[in-house]
Amino acid sequence: MKLLESGVVSENRKHIISFIILAATLLLVFPLVFDIFRLNLVAKYLSLAFAAVGLVICWGHGGILSLGQGVFWGLGGYCLAAFLKLEAAVNIANEAGTDQIKALTTVGLPDFMDWNQITELPYIWYPFKSFPITLICVLIVPGIVAFIIGLAIFKRRVSGVYFAIITQALCWIMEILFVTRQGWTGGINGITDLRTCLGWDIRTQAAQYTLYFLTAGLLLAVILFSKKILSSKLGQLLVAIRDMEDRVRFSGYDVSNFKIFSFCLAAMISAVGGALFVLNVGFMSPKLVTIAPSIYMVIFCALGGRESLIGVVYGTLIVCFGRTYFSEQFPELWMFLMGGIFIVVTVACPKGLAGLFESHGAKALAFLKKFLKIENLASKDKKEVEA
Amino acid sequence: MGLENRNSGNVFRAGWFSLFTILALGLGLVASPALAKNPLLDKYPTAKVNTTGLAITDDVVTVGQLHSVSGTMAISETGSVEAERLAIKQINDMGGVLGRKIEIIQEDGASDWPTFAEKAKKLLVKDKVASVFGCWTSASRKAVLPIFEKENGMLYYPTFYEGLEASKNVIYTGQEATQQIIWGLDWAYKQGARTFFLVGSDYIWPRTSHKIARRHIENHLKGCKVVGEEYYPLGHTNFNSLINKIKLKRPDCIYSIVVGGSNVSWYKQLNAAGITGESLAKKNKLFLTISTTEDEILGIGGKNVAGFYACMKYFQSLDNENNKAFVKAFKEMWGDDSVIGDVTQAAYLGPWLWKYTVEKAGSFDIDKIAAASPGVEFKGAPEGYVRIHENHHLWSKARIGKMLENGQFEVLVESEDLIEPDPFPEGYK
Numbered sequence: 025m026k027l028l029e030s031g032v033v034s035e036n037r038k039h040i041i042s043f044i045i046l047a048a049t050l051l052l053v054f055p056l057v058f059d060i061f062r063l064n065l066v067a068k069y070l071s072l073a074f075a076a077v078g079l080v081i082c083w084g085h086g087g088i089l090s091l092g093q094g095v096f097w098g099l100g101g102y103c104l105a106a107f108l109k110l111e112a113a114v115n116i117a118n119e120a121g122t123d124q125i126k127a128l129t130t131v132g133l134p135d136f137m138d139w140n141q142i143t144e145l146p147y148i149w150y151p152f153k154s155f156p157i158t159l160i161c162v163l164i165v166p167g168i169v170a171f172i173i174g175l176a177i178f179k180r181r182v183s184g185v186y187f188a189i190i191t192q193a194l195c196w197i198m199e200i201l202f203v204t205r206q207g208w209t210g211g212i213n214g215i216t217d218l219r220t221c222l223g224w225d226i227r228t229q230a231a232q233y234t235l236y237f238l239t240a241g242l243l244l245a246v247i248l249f250s251k252k253i254l255s256s257k258l259g260q261l262l263v264a265i266r267d268m269e270d271r272v273r274f275s276g277y278d279v280s281n282f283k284i285f286s287f288c289l290a291a292m293i294s295a296v297g298g299a300l301f302v303l304n305v306g307f308m309s310p311k312l313v314t315i316a317p318s319i320y321m322v323i324f325c326a327l328g329g330r331e332s333l334i335g336v337v338y339g340t341l342i343v344c345f346g347r348t349y350f351s352e353q354f355p356e357l358w359m360f361l362m363g364g365i366f367i368v369v370t371v372a373c374p375k376g377l378a379g380l381f382e383s384h385g386a387k388a389l390a391f392l393k394k395f396l397k398i399e400n401l402a403s404k405d406k407k408e409v410e411a
Numbered sequence: 057m058g059l060e061n062r063n064s065g066n067v068f069r070a071g072w073f074s075l076f077t078i079l080a081l082g083l084g085l086v087a088s089p090a091l092a093k094n095p096l097l098d099k100y101p102t103a104k105v106n107t108t109g110l111a112i113t114d115d116v117v118t119v120g121q122l123h124s125v126s127g128t129m130a131i132s133e134t135g136s137v138e139a140e141r142l143a144i145k146q147i148n149d150m151g152g153v154l155g156r157k158i159e160i161i162q163e164d165g166a167s168d169w170p171t172f173a174e175k176a177k178k179l180l181v182k183d184k185v186a187s188v189f190g191c192w193t194s195a196s197r198k199a200v201l202p203i204f205e206k207e208n209g210m211l212y213y214p215t216f217y218e219g220l221e222a223s224k225n226v227i228y229t230g231q232e233a234t235q236q237i238i239w240g241l242d243w244a245y246k247q248g249a250r251t252f253f254l255v256g257s258d259y260i261w262p263r264t265s266h267k268i269a270r271r272h273i274e275n276h277l278k279g280c281k282v283v284g285e286e287y288y289p290l291g292h293t294n295f296n297s298l299i300n301k302i303k304l305k306r307p308d309c310i311y312s313i314v315v316g317g318s319n320v321s322w323y324k325q326l327n328a329a330g331i332t333g334e335s336l337a338k339k340n341k342l343f344l345t346i347s348t349t350e351d352e353i354l355g356i357g358g359k360n361v362a363g364f365y366a367c368m369k370y371f372q373s374l375d376n377e378n379n380k381a382f383v384k385a386f387k388e389m390w391g392d393d394s395v396i397g398d399v400t401q402a403a404y405l406g407p408w409l410w411k412y413t414v415e416k417a418g419s420f421d422i423d424k425i426a427a428a429s430p431g432v433e434f435k436g437a438p439e440g441y442v443r444i445h446e447n448h449h450l451w452s453k454a455r456i457g458k459m460l461e462n463g464q465f466e467v468l469v470e471s472e473d474l475i476e477p478d479p480f481p482e483g484y485k
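Just so you know, the protein sequences line up as chains A and B, in that order.
Per my numbering, the very first residue in the first sequence carries number 25; after that it's consecutive.
Per my numbering, the very first residue in the second sequence carries number 57; after that it's consecutive.
Careful, some of the hints might be misleading.
Said to hold, decoys possible - Straight-line alpha carbon distances no greater than 20 Å define the calculated SDA-like cross-link-like pairs of lysine to any residue that follow:
#1 B:K182 <-> A:Q229
#2 B:K206 <-> A:T228
#3 A:K68 <-> B:E207
#4 B:K206 <-> A:A231
#5 B:K182 <-> A:T228
#6 A:K179 <-> A:R271
#7 B:K182 <-> A:T348
#8 B:K184 <-> A:F61
#9 B:K206 <-> A:N115
Think of the hints as simulated: they come from the structure by calculation, not from any bench.
Values in this document were obtained by computation on a predicted structure and should not be read as measured data.
Please model the entire structure based on the sequences and the hints provided.
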């Protein structure tokens, strides 16, 4: 028992150390190393990492593979984009230097509605006139969609591959919905040309620095929050459901409720990322709600280690950096290079980077500690590895 | 210095070959300062022509190229990439722009609008390119437009599109909707068409175009009406129910703005249902499109489209000296089996118009280019002659072509005058 406790303590300490390293990387190293253009790109990547963190909860720990995480991420983004677009539409008459004024017939109506012959703001857009309600919508809308899907599917005990296929279909449905209802959503163009948030110009360098720290800070907060949940009894139950669903059910738990909960939580966490993406990048596109980004999010987890809240952040950063770097260096070949890397990583370390760190990192750490003659600690770590 | 020493050592060791080498090198050393020197440098010193810190040296000006070379749009955008490269090569062969050779930084938009935005920002903020030739779909243009306006860049956009836009930071080398639609509908009217059935892919360009078409048909063509208007999602492949509707309505003119991959199924199913160029001609009816160029026919197959009509500003078979030279140069550079569609030609105009504008302005500064653009002419344009309008679109002609089995067009008629671009048509507001 004592051994177990000390093991837990050491496990916790390891988590704290890796969390501090991540926080230092995001809040100190990146801002010092990168210029504002690259930093803004990192902010974009980090906003995708929210979806990966959500997947750690519902896939890594809950065993629910969702191939539709991009939908919830995108819904969060669209909600905030709607608010920003309305603000832009109201302010557009005051902005000089563009010809949008000429194109716009109704002040206060988003430009794409005008192009689609919509003359009055649709009711569905009314909530986005208010900032607080928008913020609530960012969380609630994806949450409700996830809840309905979860209710319909988990209560019927559908799981595994079937669930993954259904979420994949959800991506299709969402994309078609957003593209075809173009008077309401901007269609295939998406919601573009977002400029200010509550009067604050989000395109300036100063704003982009602020938004970077906001994104990184919120991501770290979400990781801590998720950690709290995963290490609670609830988190342990999720793992139990993943590994032996029937036994948990026979023990008297309503398995489906826990699944719905983790699925909704993952959706809401993703949605926060989507909203931050809109602030950082300045537009929202149906291309982000479709299948490809959702698959990318699963790849982030596969690469980073789907059980590790911190590993997936690195996974996201590596995949996105790779994507940007290769496509800049080899614009005609980069997809092959990315594909090659995915194959190598999944074959070489099936548990992702976090798995690699677990299996080799502990040994390396132990060696390092021995080297530094802190034998006492090293032996403790060894025991933990043996256990 | 070190170079000379090493080579003079070589001469004594290894006979003739090295002797030639050193001769060549010597020549190079003598010649290179003369070559590298920009003959126009005295008249256009870099400090004067580049006051905003763009990527311009005494000898080189860097431009960006931003198209999709991967993803679903790659098949369409490749032609534009090739045409722009050809134009830039030809300009460099003529001595460049203000004596400076053009160098290209290419980025891949990957058929993904957020990627377009990222790469546009990279080109403008990191690379400081003097101008960008790129984008194809409206969605990609809309994604990069705020960035071009914020960072003050210049984009040459080649595609025919829906209009409703005129930015200081964009030169639209394709037709806006009215230039392609109104004259073409008048032509159909002269052929005897009185009832029209409008078909389109479901996004902003076909919808806006059909709106203009409907207004023109109902208000300006006597006794004409629209008997149907249908939209299908991008990538849609089953047009049978639509074809049944068309058969029921018996329109004189099927007016089609179906784009991309849908085209293949659309034309094939029309053929299977017995609607071909031949069968329509017998009944004195016609099929008119503004979205099918030589590029698309390559994928559809000439025999599936033979006898249908398209309204464009350019066809590869256009019979004029400019075009003959252009087609020849294009095939020399990109292979004999390459085809050139309307947009490809419009992309070719971009670098040339930029060159002439820079020369007119005597500066690479974006603000000066934007101000100097109206009135710039390109007499060597393969489509004949173009001039930039004050609203940054081009004055250009419209033409009707009949599709042939070999995938080319037979040019039937062209508008007498250049058509004025009108991106904000009256009656829209």
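Legend entry - Non-conforming hints, listed in increasing numerical order: none
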